[in-house]
Amino acid sequence: MKTSSPGSLKTDIQDRDLCINCGACTELCPYFKSYKGKIAMIFNCTLGQGKCFAHCPKAEVDLDELSLFFHQKPYDGHPLGHFKSIHVSRAGETMARVLFQNGGTVSSLISCALNNGVIDHAILTDKNGILPEPRLVNTTEDTLHCATSKYLAAPTLGELNKAMQNKLSNIGLVGTPCQMIAAALTRMNPMNQDGFKDPVSLSIGLFCTWALDTRKFMTFISSKMEIRDIKRMDIPPPPAGIAVIEKDREIINIPLEDIRPLILEGCSVCPDMTAEFSDISVGTFEDNPEWNTLIIRTEKGEQLVEDACKKGYLTLSDLPEKSLDHLLSGAGMKKKKAILKAGTEGLMNTLDNSKPAVLRMPESLIKTITK
Amino acid sequence: MSDIKNDAPPIRHLMMGNEAIARGALEAGLRVAAGYPGTPSSEIIETLAKQASKHNLYVEWSVNEKVAMEVAASASFANIRSMCVLKQPGLNVAADFLLHLSGSGTRGGMVIVSADDPGALSSINEGETRPYAKLMEVPLLEPGDFQEAKDMTKWAFELSEKIKNVVILRTVTRLSHASGDIVMGEIPEFTGKVEFRHEGFIIDPMEGAVMSAPVEYKHTLQQQKLAQTVDIFESSPFNIYNGPDKPELLIITSSICSLYCREAVSLLNLEKRVGILKMGTTFPLPPQFMKRHLSLTDRIIFIEEVLPFLEDEVKILCAEMVKDIGIKTFYGKRDKTIPMVGEMNADITLKALADLMGMTYQGAPEDYKKKAQELSFMKTPGREPTFCPGCPHRASFFSIHEALKLDNRHGFVCGDIGCYSMAVLPCGFQSIKTLHAMGSGTGIASGFGQLKRFGMDQPVLSVCGDSTFFHAAMPALANAVHHQSNIVMVILDNSGTAMTGFQPHPGLKTSAEGSDAIGIDIPSVCRAMGAHVTICDPFDLESTKETLLNMMDENKGVNVLVLKQACALSPEKKQKQKYDMTIDESLCQGESCGCGRICTRIFCCPGLIWDKDAGKSKINPVTCAGCGVCASVCPKGAILKKEV
Numbered sequence: 000m001k002t003s004s005p006g007s008l009k010t011d012i013q014d015r016d017l018c019i020n021c022g023a024c025t026e027l028c029p030y031f032k033s034y035k036g037k038i039a040m041i042f043n044c045t046l047g048q049g050k051c052f053a054h055c056p057k058a059e060v061d062l063d064e065l066s067l068f069f070h071q072k073p074y075d076g077h078p079l080g081h082f083k084s085i086h087v088s089r090a091g092e093t094m095a096r097v098l099f100q101n102g103g104t105v106s107s108l109i110s111c112a113l114n115n116g117v118i119d120h121a122i123l124t125d126k127n128g129i130l131p132e133p134r135l136v137n138t139t140e141d142t143l144h145c146a147t148s149k150y151l152a153a154p155t156l157g158e159l160n161k162a163m164q165n166k167l168s169n170i171g172l173v174g175t176p177c178q179m180i181a182a183a184l185t186r187m188n189p190m191n192q193d194g195f196k197d198p199v200s201l202s203i204g205l206f207c208t209w210a211l212d213t214r215k216f217m218t219f220i221s222s223k224m225e226i227r228d229i230k231r232m233d234i235p236p237p238p239a240g241i242a243v244i245e246k247d248r249e250i251i252n253i254p255l256e257d258i259r260p261l262i263l264e265g266c267s268v269c270p271d272m273t274a275e276f277s278d279i280s281v282g283t284f285e286d287n288p289e290w291n292t293l294i295i296r297t298e299k300g301e302q303l304v305e306d307a308c309k310k311g312y313l314t315l316s317d318l319p320e321k322s323l324d325h326l327l328s329g330a331g332m333k334k335k336k337a338i339l340k341a342g343t344e345g346l347m348n349t350l351d352n353s354k355p356a357v358l359r360m361p362e363s364l365i366k367t368i369t370k
Numbered sequence: 000m001s002d003i004k005n006d007a008p009p010i011r012h013l014m015m016g017n018e019a020i021a022r023g024a025l026e027a028g029l030r031v032a033a034g035y036p037g038t039p040s041s042e043i044i045e046t047l048a049k050q051a052s053k054h055n056l057y058v059e060w061s062v063n064e065k066v067a068m069e070v071a072a073s074a075s076f077a078n079i080r081s082m083c084v085l086k087q088p089g090l091n092v093a094a095d096f097l098l099h100l101s102g103s104g105t106r107g108g109m110v111i112v113s114a115d116d117p118g119a120l121s122s123i124n125e126g127e128t129r130p131y132a133k134l135m136e137v138p139l140l141e142p143g144d145f146q147e148a149k150d151m152t153k154w155a156f157e158l159s160e161k162i163k164n165v166v167i168l169r170t171v172t173r174l175s176h177a178s179g180d181i182v183m184g185e186i187p188e189f190t191g192k193v194e195f196r197h198e199g200f201i202i203d204p205m206e207g208a209v210m211s212a213p214v215e216y217k218h219t220l221q222q223q224k225l226a227q228t229v230d231i232f233e234s235s236p237f238n239i240y241n242g243p244d245k246p247e248l249l250i251i252t253s254s255i256c257s258l259y260c261r262e263a264v265s266l267l268n269l270e271k272r273v274g275i276l277k278m279g280t281t282f283p284l285p286p287q288f289m290k291r292h293l294s295l296t297d298r299i300i301f302i303e304e305v306l307p308f309l310e311d312e313v314k315i316l317c318a319e320m321v322k323d324i325g326i327k328t329f330y331g332k333r334d335k336t337i338p339m340v341g342e343m344n345a346d347i348t349l350k351a352l353a354d355l356m357g358m359t360y361q362g363a364p365e366d367y368k369k370k371a372q373e374l375s376f377m378k379t380p381g382r383e384p385t386f387c388p389g390c391p392h393r394a395s396f397f398s399i400h401e402a403l404k405l406d407n408r409h410g411f412v413c414g415d416i417g418c419y420s421m422a423v424l425p426c427g428f429q430s431i432k433t434l435h436a437m438g439s440g441t442g443i444a445s446g447f448g449q450l451k452r453f454g455m456d457q458p459v460l461s462v463c464g465d466s467t468f469f470h471a472a473m474p475a476l477a478n479a480v481h482h483q484s485n486i487v488m489v490i491l492d493n494s495g496t497a498m499t500g501f502q503p504h505p506g507l508k509t510s511a512e513g514s515d516a517i518g519i520d521i522p523s524v525c526r527a528m529g530a531h532v533t534i535c536d537p538f539d540l541e542s543t544k545e546t547l548l549n550m551m552d553e554n555k556g557v558n559v560l561v562l563k564q565a566c567a568l569s570p571e572k573k574q575k576q577k578y579d580m581t582i583d584e585s586l587c588q589g590e591s592c593g594c595g596r597i598c599t600r601i602f603c604c605p606g607l608i609w610d611k612d613a614g615k616s617k618i619n620p621v622t623c624a625g626c627g628v629c630a631s632v633c634p635k636g637a638i639l640k641k642e643v
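Protein sequences appear in the order of chains A and B.
Residue 220 in numbering that gives the first Met the number 0 sits at position 221 of the first sequence; the count goes up by one each step and never skips.
Residue 161 in numbering that gives the first Met the number 0 sits at position 162 of the second sequence; the count goes up by one each step and never skips.
These are calculated hints, taken from the structure and not from any lab test.
Treat the hints with caution; some may be incorrect.
Said to hold, decoys possible - Simulated pairs of lysine to aspartate or glutamate, EDC-like, Cα-Cα distance not exceeding 20 angstroms:
(1) A:Lys215 with B:Asp456
(2) A:Lys35 with B:Glu545
(3) A:Lys37 with B:Glu541
(4) B:Lys245 with B:Glu270
(5) A:Lys35 with B:Glu541
(6) A:Lys37 with B:Asp456
(7) A:Lys166 with B:Asp583
Said to hold, decoys possible - Covered stretches of chain A, going by a simulated chain B footprint (3 or more residues, C-beta under 8 angstroms):
(8) 22-34
(9) 37-45
To be verified - One-sided excerpt, in silico: chain A residues whose CB lies under 10 angstroms from chain B:
(10) Pro5
(11) Gln48
(12) Lys50
(13) Cys51
(14) Ala53
(15) Gln164
(16) Met190
(17) Gln192
(18) Arg214
Here a beta-carbon is modelled for each residue, glycine too, at the ideal position from N, C-alpha and C.
All chains, full assembly: derive it from the sequences and hints.
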């Protein structure tokens, strides 16, 4: 994987509006920090190569190399990536009845992993007002606090960098597809650090089609209501076409067309809807909001799901054929669009002496995917 | 500073030009002196303040130069001798009052000492005092050496009393700050009781009302005073010709440039061919005296600094006298023989003279400057101007810079005049983006804060020091609050007029003379003006940054952040370390990814050293002031602080 300088991360990724505020370049050094949904380079850094660049999911991600590292198989462009099995799932009897976004699968899996020593810590995304905020938790109670989707880009990977600095290990990580890519890149030890130990024991990826630019969203929403009055936000699956904002005694529906201009530019070149580089991926189940779609990708994932079912944390069921087709076409469409866009914008397989590529993959695969 | 109080004449004493001016004022029987600190003028008031009780003077550091001039004028109105001391930009500040003062006239001798800084050695301008004399229609004196600095100052009071108007004495950095031999005179005793007489006929100059109206009458009177001055200047001993009866070339010069001329003429052995006319009374020029000397030759060169003031005045006279003195050939600024910017020196003078006299002068070679730069670049470590070790400004700008970057909306800082002006440079992380006059930072910010209506969405910050706050930033703050300008004003309160040497200001509880004064609380003033005020310790980087971010977020009205921490060189702090600083080398990451030596590459306190061989940072125990801030800068906790 090609690694370049912190300066290039600023000029070629952030200044080209590709940054999605995943946090992978933060908490490494005094130079990159996230504030209110935006990464800032505080001072210039003169190093030729930096972890910040190496961890960035928008800078020189060679999907083949990443797939070989994570799945021990080359990248094949399948809409859902490499996986073992697909199910629908929801929280089991062991879990308290709390308000989940959908079936509560992620909270259940993390609780099970924490309670059974699969992981010692979990890095999740909490909220501070409407701002998402990374959080390191050790208990089921704190895990439940972080439930529900955020829709705003969160610098969660900064918390992983911080945990690594503090020499924590056996960490469970929950995040969006780009965050899973960044985490996988981090776990590859791209700068060949001595004594590096993979700190992540479990990764749970969340389905994602896009995230909103925090600042654009705050400007947009503050013209409609007091931000501090917002309790919760949800974007129900299609064909709803709305964002639902819950206030104390009021529910406000905002048409998705109004929200779309607030989507992060970087999301448009993301080929991964289902978090292909994770042990387990979880998303909505469009037929029944009480359940989640669950993709098991690794042996580790398989084992945890099995354990969670046995111990009553999780209930599994089959994903109907029709829903799988729907999922495949949705994920395939996102991949195709992203790769086409990256191609036209010159962000794909760029030449050695030009600006860094966002993505790299064999040309033959590009043809197959964009057919 | 030498001892100017030794008052037994005719003792010779080595004295700084500024001390000579102070001594001259004492010998003239000065009673009241007021000024505002500014290099190269500050030592005059400082010297006088030390003599205040012994010689029964009142000396003050005023809030600004305009008020200083008003304070000095009041003493003159009460018929005692007074002096106002300022650097040239301060004359601009006081110019409004000066226009009216020169119109109203004075009673007791009143002298304005204005110090120019050609070449801007300690300034961000090379403003000129001399055109003010012409603009305000008052006499101008320019001492050419140290003895003259003293003698001319003393005489300036007599002149002022004779013509009943204020007199400007102009000094420059090289006169103010260099030292020379002075023969001292007596200092008179003060007896009597002071009274401001105002019950006479309204336009009576000594007993009426003091004002510039009725304008036509007073203006005519003022011009008569100037005519009277011309007569006096015709026989002034401060205008001196040295040279042959028929020189091939006449140098006309004034101020410290006269020394460069003497040096150049002597080095080129031109004493028998070139004459030097050194003018001490440069406005208004005495025509008859000038005529005698302009008649000596047809070739004239002007050696003066910055603007062609003397050159233009002489050319006017020459035009008027052309029938009598004939046509002249002039060399100077207008024909580019002499540069119109920067300091003069003997070398420029030598070269100009040699060229005009058809001689070859082997001065510094053409590429000397380039070679010197190359050598110094190669052989010496880079030493950019920077804040002192332990300076609160470095910490303040570190937080300001970080907050602006985090905020990420291309915010900027409108700068002001003080040590912190250096924040245009890397030592202040290049945070300051506009830099003009005293108080201008907040004034400019007040305007920027209104541009939101035209789509400007950048946060606007201003900085100003505590002394600058009282000097000129208060009106700007009032303006910003009144018009609901959206700005953050950061007051860098380091407890004194630090840049010029810790002169007190209205925020402090001592006066120039060291006696008790009422200290005005800056946060209370800002609150009373209607700003939201927060006080932080700039050494607490985290809370300073957080406060700034919140203030920038608020997006309405004026927020004031007072960053209070005394200057590292302040008398109460100097050589007292709060912390003993050490570096745990096992934790120091040096240049590797994760740090990139932020302490010695970015923060750059002179108390930190980069040990290239070890690849580690070190504390320089000689320069470290023990402020402890770098411990918060180090990302790995390698810099340790232990309370002393």
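Here is how each hint holds up against the structure:
1. A:Lys215 with B:Asp456: Satisfied, since the Cα-Cα distance of roughly 13 angstroms is no more than 20 angstroms.
2. A:Lys35 with B:Glu545: holds (13 angstroms)
3. A:Lys37 with B:Glu541: holds (19 angstroms)
4. B:Lys245 with B:Glu270: This hinted pair holds, its Cα atoms lying about 11 angstroms apart.
5. A:Lys35 with B:Glu541: Status holds; Cα separation ~17 angstroms.
6. A:Lys37 with B:Asp456: holds (16 angstroms)
7. A:Lys166 with B:Asp583: Since the Cα atoms of lysine 166 of chain A and aspartate 583 of chain B sit roughly 19 angstroms apart, the hinted pair holds (cutoff 20 angstroms).
8. 22-34: It holds: at least three residues are needed, and the segment 22-34 of chain A offers 6 whose Cβ sits within less than 8 angstroms of chain B.
9. 37-45: holds (count 7)
10. Pro5: Nearest chain B Cβ about 8 angstroms off; hint holds.
11. Gln48: It holds, given that the least Cβ distance between glutamine 48 of chain A and chain B is near 7 angstroms, below 10 angstroms.
12. Lys50: holds (5 angstroms)
13. Cys51: With Cβ-Cβ at 8 angstroms, under 10 angstroms, it holds.
14. Ala53: Cβ of alanine 53 of chain A sits 9 angstroms from chain B, so the hint holds.
15. Gln164: holds (8 angstroms)
16. Met190: Constraint on methionine 190 of chain A satisfied, holds at 6 angstroms.
17. Gln192: holds (9 angstroms)
18. Arg214: holds (8 angstroms)
In this structure, every one of the numbered hints holds.
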